[in-house]
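Single-letter residue listing:
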Amino acid sequence: MNLAILVLLPFLGAALPPLAERLRAPRTALALSAALMPALALALLIGPAGQVFEGRTVQDALSWMPSLGLTLAFRLDGLALLFALLVLGIGLLVILYARYYLSANEKAGRFYAFLLLFMGAMLGVVTSDNLLLLVLFWELTSLSSFLLIGFWSHQSAARKGARMALTVTGMGGLALLAGVLLIGQVVGSYSLDQALASGDLIRASRLYPLILVLVLLGIFTKSAQFPFHFWLPHAMAAPTPVSAYLHSATMVKAGVFLLARFYPMLAGTDLWFDLVTLAGMATLLWGAAAALFQHDLKGLLAYSTISHLGLITLLFGLNTELAAVAAVFHIINHATFKASLFMAAGIIDHETGTRDMRRINGLWKYMPYTAVLAMVASAAMAGVPLLNGFLSKEMFFAETLQSSRLGAMSWVLPLGATLGGVFSVAYSARFIHDVFFNGEPVNLPKFPPHEPPRYMKVPVEILVALCVAVGVLPAITVSGLLAVAGSATLGGELPEYHLSIWHGFNVPLLMSVVALVGGVAVYSLRRWLYTQYDRLPAINANLIFEGRVQALARAATALGNTLRNGSLQSYAAWLLALVALVLLVHLSPAAIDGTRGLLPLDGVALLAGAMLVVAALITAVLHRHRMTAIMSVSVVGLVVSLTFVRLSAPDLALTQLSVEVVTVLLLMLAMYFLPVRTRMESGVLRVSRDLLLSVVIGGGVGLMAFAMMTSDFQTISGYFLDNAKPGGGGTNVVNVILVDFRGFDTFGEITVLGIAAMGIYALLRDLDLLSARSDSVGRPWARDAHPLVLVTISRPLLPLALLISVYIFLRGHNLPGGGFIAGLITSVALLLQYVASGVEWVHRRMPGDYHPVVAVGLLLAGVTGLGSWFFGHPFLTSTFDHVHWPLVGEFELASAMLFDTGVFLTVVGATLLMLANLGKLSLLDDKKGGA
Amino acid sequence: MSRLLPFPMLSLLLWLSWLLLNGFSWGHGLLGLVLAVVLPLGTRPFWPNVPRLRDFPKLVRFVLVVHWDIITANVVVARLILGSPRKLRPAFVELPLELTDDFAITLLASTISLTPGTVSADVSEDRRTLLIHALDMDDEAELVAQIKQRYERPLKEIFEC
Amino acid sequence: MDQVVEFLVSAAILVGGVFALVGSIGLARLPDFYLRLHGPTKASTLGVGGTILASLLFFSWQERALQLQEVLIALFLFITAPVSAHMLAKAAMHRDLKRREDTRGRPWKQ
Amino acid sequence: MLAIALPIGFGLIVLALLLNLYRLLRGPTLPDRALALDTMYINAIALIVLYGIATDGKLYFEAGMLIALIGFVSTVAVAKYMTRGDIIE
Amino acid sequence: MEHLIIAPILIPAFAGMLLLLEVRERQPLRRLTGLVSALALIPVAVGLYLRAAGGDILVYQLGDWAAPFGIVLVLDKLSALMVLLTSLLALPALIYASRADDKRGANFHALFQLQLMGINGAFLTGDLFNLFVFFEVLLIASYGLALHGRGPARVKAGIHYVVLNLIGSALFLVALGLVYGTTGTLNMADFAVKVRELDGGALELARIAGLLMWVVFGLKAALFPLYFWLPATYANATAGVAALFAIMTKVGVYAIARVQGLAFLDGPLAGLGRDALWVLALLTLLLAAIGVLGARRLGEMVAYLVVMSVGTLMAGLSWGSPEATGAMLYYLIHSTLVCGGLFLLADLVARGRGKLGDQLVAGPAPAGRSGLAALFFLGAIAVIGLPPLSGFMGKVALLQTVPSPLYWLFLLGGGLLALVGMSRAGSTLFWRATGDGRARRLDRPRLAATVLLLSAAPALAIWGESVLEATVAAAAQWAQPGLYIEAVLGGGA
Amino acid sequence: MEAMVAIMIAVLVGTGVYLVLRARTFPVILGITLLSYGVNLFVFISGRLALDQAPIVGRGPATDPLPQALVLTAIVIGFAMTAFLVVLALRGQGETGTDHVDGDADEGGQR
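Residue numbers (the UniProt record's numbering), protein chains in the order written: chain A, 1 to 931; chain B, 1 to 161; chain C, 1 to 110; chain D, 1 to 89; chain E, 1 to 493; chain F, 1 to 111.
Calculated directly from the structure, the hints in this document are not laboratory data.
These numbers come from a predicted model, not from an experiment.
Glycine residues also receive a C-beta, built at the ideal position from the N, C-alpha and C atoms.
Any given hint could be a false lead.
[Stated by the list, open to error] With beta-carbon atoms standing in for the labels, derived distance ranges:
#, chain 1, residue 1, chain 2, residue 2, range
1, B, Ser25, E, Gln27, 52 to 60 Å
2, A, Ala555, E, Arg26, 46 to 54 Å
3, A, Leu207, E, Asp275, 45 to 53 Å
4, B, Leu41, C, Arg106, 44 to 52 Å
[To be verified] Derived SDA-like pairs: lysine to any residue, alpha-carbon spacing no greater than 20 Å straight-line:
#, chain 1, residue 1, chain 2, residue 2
5, C, Lys109, D, Lys58
6, C, Lys109, B, Arg128
7, C, Lys98, A, Lys107
8, D, Lys58, C, Ala65
9, C, Lys98, A, Gly547
10, A, Lys160, E, Ala153
11, C, Lys98, B, Arg86
12, C, Lys98, B, Leu143
13, E, Lys355, E, Arg31
14, B, Lys87, B, Leu143
15, A, Lys160, A, Gly547
16, E, Lys103, E, Leu203
17, E, Lys103, E, Ala362
18, C, Lys109, A, Arg779
19, C, Lys109, A, Gly778
20, A, Lys107, E, Pro445
21, C, Lys98, B, Glu98
[Unchecked claim] Derived coverage of chain D by chain C (criterion: at least 3 residues anywhere in the stretch with Cβ under 8 Å from a Cβ of chain C; other residues may be distant):
#, segment
22, 6-12
23, 50-61
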């Protein structure tokens, strides 16, 4: 029998109800469709259950992510079986109950789907044989319970309750994950089997305290242990079937399940005792006391649940085998009576329209049958003899007496236990007395209440019957299950214990009596207690939690806004500061090797350098006078070009010069729409910060440059010099590198140019810009748009420039020049036509859309590159040959030329696409102005 | 002829430039020729009014005269610049134009700017007057006459008649 | 190197340099914009001309063949330099820049 | 002789460039600065040509030619901006 | 010669060029071209991955010039994986954008294709300067795409994005200058060899070169304190573009991994800047988680999630072990696809809410609420790292391989903050709805694209082992730079 | 000579950095331009300085051609980027009414 299928069934089943709902199935059919898979699973459980009762552990594993240690391994031992039965059994009852609970206009399909998801997750938790798988299902229970609690999402309380539950249990889940990973580290495997067998190893590990704390965090949050209990009462915003399910048999039980599961692994140390017992005791008392003061029926049950979970936790904490068995037993008992109580509460809510116990009174008269059921269940909760709660509580009292870990303080445990019992009796009494007696109902929304539909009571009846059966005949009903579950928990032999109603007169019985009597007494003092309680400041965990979260979110927003303050200046400063830091830390004057001889400095270079420095500084200082700044930048560009001339880089000089012209045109175009001056707006502090950054980075880069220039190095450049002519067919090595050796760079680079042009075109489309109506000194613009001299000179200049372009282009392969520079010259010549004669004039004479030019250029370059494929060479492999033409003589034909033509066209197309469209902007503006 | 060579002068200029750039060889001669034909044709639309060259020798003479003027006047201007600026007698002069062709006017304006001591500052909208700024002017009439005689007349003869 | 050629080249260089400098001095010291406009457009053209002449001579002699490429620089400069002067003059007039008080005639409104 | 003339030539032209820079700095008006820049371009041509002589190579001739051919376009653009604001209309 | 290697660059390149040629703005034709190209990339990428998975490192010598002289493309498992991831992300993103968003500005499809070209080029190239070029290709295209559409917020974010990246490009050039100036080469493999032989001043400069590269790549990857541009840029970008951008930060991560794996795993500069990256990554993780919590718009939240994933990844990478890198790569695949899907989802939600858009305030429920809510739930679970989806697997893998308490704390704590943030967001958007919004139906192709991306989360969980094995294998290969160097410098394929 | 070039680079990078940190798009554009100059020179000098050794085959000693090719590429890319930034600045002006880099409409319409 495949356990994986068993776990899978509810998940599969989750698909059915929405499907049925879509098919407009009646409510009963919907419920049946939901119940189908869990019922099947329950039936399938019978087989393996038999094996378990024979003392075997059924295991089953599928591989999933072995590298992570995550396998789909399942095991069914006694403990798992017990929980599987609870999960499936109570789950089925809840489905039946929900059939009647949910009103016709609610999305029952979705509800069942969520419920089944949750059921599957829960089933997964209890049957996992792999620690990671366990965590996986564990988190799934949090997630699906989030959906269930928030089912009535239109209610604020439901949303907040769901979020709170998710946050708290999610946090626990993360801690558990960390704990489990550490266990895996210690054990060397995530197999539960191995981990259970490695208890000693784990306890001896250095990591043990950390593991324990992390795992307990997971457990305590899940099973609502103090101080993480606060989410549970707010989860009551869920529909009652959900509460009945989550808070009796499943969700919160996952925590205590894990206590049981990990018991062999982690228990037995003093640390375990201290942490678990303390938390359990605190929870037990706090929950019990708080339950008494709840006026909300479900609130009372919620706190009682917390209290009982504390009880179970406390038992596990005691570190004795008997206590662990008692804990397991109480898990069963609590599941039965608490589920039935929630259902009863739901019925009452359903029939009266309220859950406020101050209004619900005297229901005995109206719904006696339900009253009986509820009273029996409450009695079980209170630990009244002949009911199941009594048995486990007895064992609990007995175990608290056994512990001696606290030494002289050991009496605290039984005292606390008794006190918890007192409160437990008191609130149980309240549940019975307040609701069913205590006069007449007060102002009920629905009046008169009556018994619920027949089948709505069935689940309650079954559960109550179980309470009684176990309470009266424990040996027959539950002992077998308890035995296998207990032994599975302990991971070995069971201690000797007796499940019987009568153990003779002993201290635990005395404690029970005290609890009963005391509880009744406390209940009779309730009015006084309530008034005392009301004087206490009201604490609404929901508000506090939500407030905290909101405050946190606000703080997060604030912190985010502080860092990400929307100021480019600060972002850039961060970036540059990082660079400055790198330079300050790692750059030292020692970087200067000085292995290379220096070149002599001549006066021309010195003065030119000084010019550059002055011009750059002018730009920085006078940048607010924008036109001046543009001109000083031009000077910088000019000197840089001259530097290239001086330092043996003719190609660069040519490129720099022509780019310079285009850039100035660009800036002048932009200036028409931008303010002419920049306002003074940086404070002294900011200016000094920026100056500091500039000095550090500028100085650092300069120092590095000097260090580099003055040291020798080995380079690959010799290869280029040697192979340019024989391999690339050109003598201008720079050009051969550009179109051949590193033609791919160039291909990328012209693509950049093309994309920039496209992007600019896109940016300029339907751009609304206000152009200046007058110049910076406030004068209206001159009338003469197209000065005669300029227009006339520009005409012959076009063919001349084209001629030069051809010249520069053709010689590029062998001498400085090439496609780029030629392209830029052509662009400038064409732009001059624009400047001289205007966009409209030019566009009457040539097509104005340069997209195809860019495209053709890029395609030409690309296709040239592709061409080499046909000769079996990689992309961009060049070929060249010398052709002898009659008359003309030797003529070199190189595929690189074709590539360079692509470059040329792209440059022309892109430059014009950018600038001509920028020029058109004002045209739009004029038309707008004229209209 | 005019369809193939709309601007013979331009074509010549292009061809010569090509040869200047590349040095003379048969191959470049041919290539230059091709360019000299193709480029003007390609840029034909940008030149709506074709200036007609009437007298080539006169053009050559004109060019030589201008060059001579540039050299001589440069010395004069250098002295003016290095001397005391107070002595300068700057003036704006309006030169009535006889030329009507745009190209010719532009050429005149350029010539005036190129030759020392004068800069053509503007052409009136009706293209009848040229505004000239002179660095140091004795007599307005003399300057106008000199320009007209030395530059405008030859240009008129070269391009118009 | 032939003494005569070297002399001529040197002379051309010096002439070019001097005129370039004179033009720039004019630009630097003349009192108003319209006057300054004369400096560069005149002297600098000859300044460049001188160096170009030097270059022509030098390379022609060096290669033992007429090297006239540099003429193109002069050609282009002669075509373009007046345009920039013209345009700048128009800009100055548009801005109504101060001119020396004793300037005769008036600039045109733009 | 050339060995003396060349440095002097360089010196004269660099001096000219510095004077241009002075004018660019001084202004006082925008056309002044533009003019200074234009002059710088022209002087740069002279510098490049001289450099060609000095290094006995013609590799840099194109740079000079380029300035002569298209350098004025930026000046024109600046001038046009000053008169019309919109340089391409 | 294996021409397929260059196909991931050339296919989108040619598609982009053809799109440029199409001047009549026939949108259907443009969409078709773009989609065909994006579709074609997938089998190509799969084919390449299968080739690389064989274990050989394939080298494509552009122009038939051998490394280190020419530029080479190198296909190893890591680069093949990244290319495959890109192609898987691109198609849904493009489908989504092709519904209507592509008409909100010019040249969308061409920019999109060229962006893909740039990304693939950056992944494949084996040359540092070529990497710079492809960075510029992908950046300039991303500028165009980020600004696609209109609106002041987009432009403002765009200016920040562009300026910072321009500074970044300048820094990259400085680094490249240092690289060449000290080792005399640009080929990554050759650089890796030569950098090991440096000493003295050259070594010092090479160290700075490496650190500057980290800064530049960190800017692309959006590490603290360099991520500030990202939330606004991504949140304001068109949905399909934002989805594609999910891979952009990973380019930075990849670049660091690539250079580090080749040059700085051992030798005199072993572990260069690793400590700093580690600290910055953790800070990124934490601050981004806080950002998720504090986000006021869903798009912004997802953008912060992207940053968070970067912190997670960088920390994993800077831990330095091949195992951690393998886990990191798995997480990278997961976070890229899921974040991409969430960007689309955010847009779907915004569309259904009218003027409110994706602001996290109560408003009308978006059209198709329950479906969107389910998707959101799924995506949130995945991205936070809750089971049973890919995020959980990725986190577990990272936690297992990076046994640092600090990392655990930050990763798990960050997950918790994200959980709180996302549950608030989801409950505000889908639960606190004040009545149903406009009755417009969800656009099916858009929904399909979103689902396609988000389905990565379950898919990566179900077939997690295969993926993890693949990433671990890629990391193992990555950790042996000798293989790469041998393949590139030893004659090539 | 080396020191001079190093100083040039330092000043260009320094002024570029300073301007990039200004609050208006225009100085930022200038800053990027200056920064590019400086950085291009930096890459250029990574091939070391050489006088009169243009990398043309057959003309005697030649300097390292590779950095020159790289810088050429960088110049063109830099131009493309600058152009984009300029137009983006215009777009910013158009959409936010100010040329502040953060689009803060502090003085919308100021001209």
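Do the hints match the structure? See the list:
1. In this structure the hint that Ser25/B and Gln27/E lie 52 to 60 Å apart at CB holds, the actual value being about 54 Å.
2. Checking the proposed 46 to 54 Å range against Ala555/A and Arg26/E shows it holds: the Cβ atoms sit about 52 Å from each other.
3. For Leu207/A and Asp275/E, the hinted distance range of 45 to 53 Å is not satisfied, since their beta carbons lie about 25 Å from each other.
4. Between Leu41/B and Arg106/C, the C-beta spacing of about 45 Å keeps the proposed range 44 to 52 Å intact.
5. Taking the CA atoms of Lys109/C and Lys58/D, the gap is near 46 Å; set against the 20 Å cutoff, the hint is violated.
6. Note on Lys109/C and Arg128/B: the hinted pairing holds, with a Cα-Cα distance of about 16 Å set against a maximum of 20 Å.
7. Under the criterion of a C-alpha separation no larger than 20 Å, the hint pairing Lys98/C with Lys107/A is inconsistent with the structure, at around 86 Å.
8. At roughly 14 Å between alpha-carbon atoms, Lys58/D and Ala65/C fall within 20 Å of each other, so this suggested pair holds.
9. With a C-alpha separation of about 71 Å, the suggested pair Lys98/C and Gly547/A falls outside the 20 Å cut-off, and the hint is violated.
10. Pair hint Lys160/A plus Ala153/E does not hold up; C-alpha atoms about 33 Å apart against a cutoff of 20 Å.
11. Restraint check for Lys98/C and Arg86/B: the C-alpha separation of about 16 Å stays at or below 20 Å, so the hint holds.
12. Among the hinted pairs, Lys98/C with Leu143/B is inconsistent with the structure: their alpha-carbon atoms are about 24 Å apart, more than 20 Å.
13. The straight-line distance between the Cα atoms of Lys355/E and Arg31/E is roughly 28 Å, outside the 20 Å bound, and the hint therefore fails.
14. This hinted pair checks out: Lys87/B and Leu143/B have alpha carbons roughly 18 Å apart, not beyond 20 Å.
15. For the given pair, Lys160/A sits about 11 Å from Gly547/A by alpha-carbon distance, which is consistent with the 20 Å threshold.
16. A distance of roughly 52 Å separates the Cα atoms of Lys103/E and Leu203/E; the hinted pair therefore is violated under the 20 Å criterion.
17. For the suggested pair Lys103/E and Ala362/E, the alpha carbons sit about 30 Å apart, so the restraint of at most 20 Å is broken.
18. Taking the CA atoms of Lys109/C and Arg779/A, the gap is near 11 Å; set against the 20 Å cutoff, the hint holds.
19. Restraint check for Lys109/C and Gly778/A: satisfied, since their Cα atoms lie roughly 15 Å apart, inside the 20 Å limit.
20. The straight-line distance between the Cα atoms of Lys107/A and Pro445/E is roughly 28 Å, outside the 20 Å bound, and the hint therefore fails.
21. A distance of roughly 31 Å separates the Cα atoms of Lys98/C and Glu98/B; the hinted pair therefore is violated under the 20 Å criterion.
22. Evaluation of the coverage hint for the segment 6-12 of chain D: fulfilled, as 6 residues show C-beta separations to chain C shorter than 8 Å, against a requirement of three.
23. Counting residues of the segment 50-61 of chain D whose beta-carbon sits less than 8 Å from any beta-carbon of chain C gives 6, enough to reach three: the coverage restraint holds.
Checked against the numbered hints above, the structure breaks hints 3, 5, 7, 9, 10, 12, 13, 16, 17, 20 and 21 and satisfies the rest.
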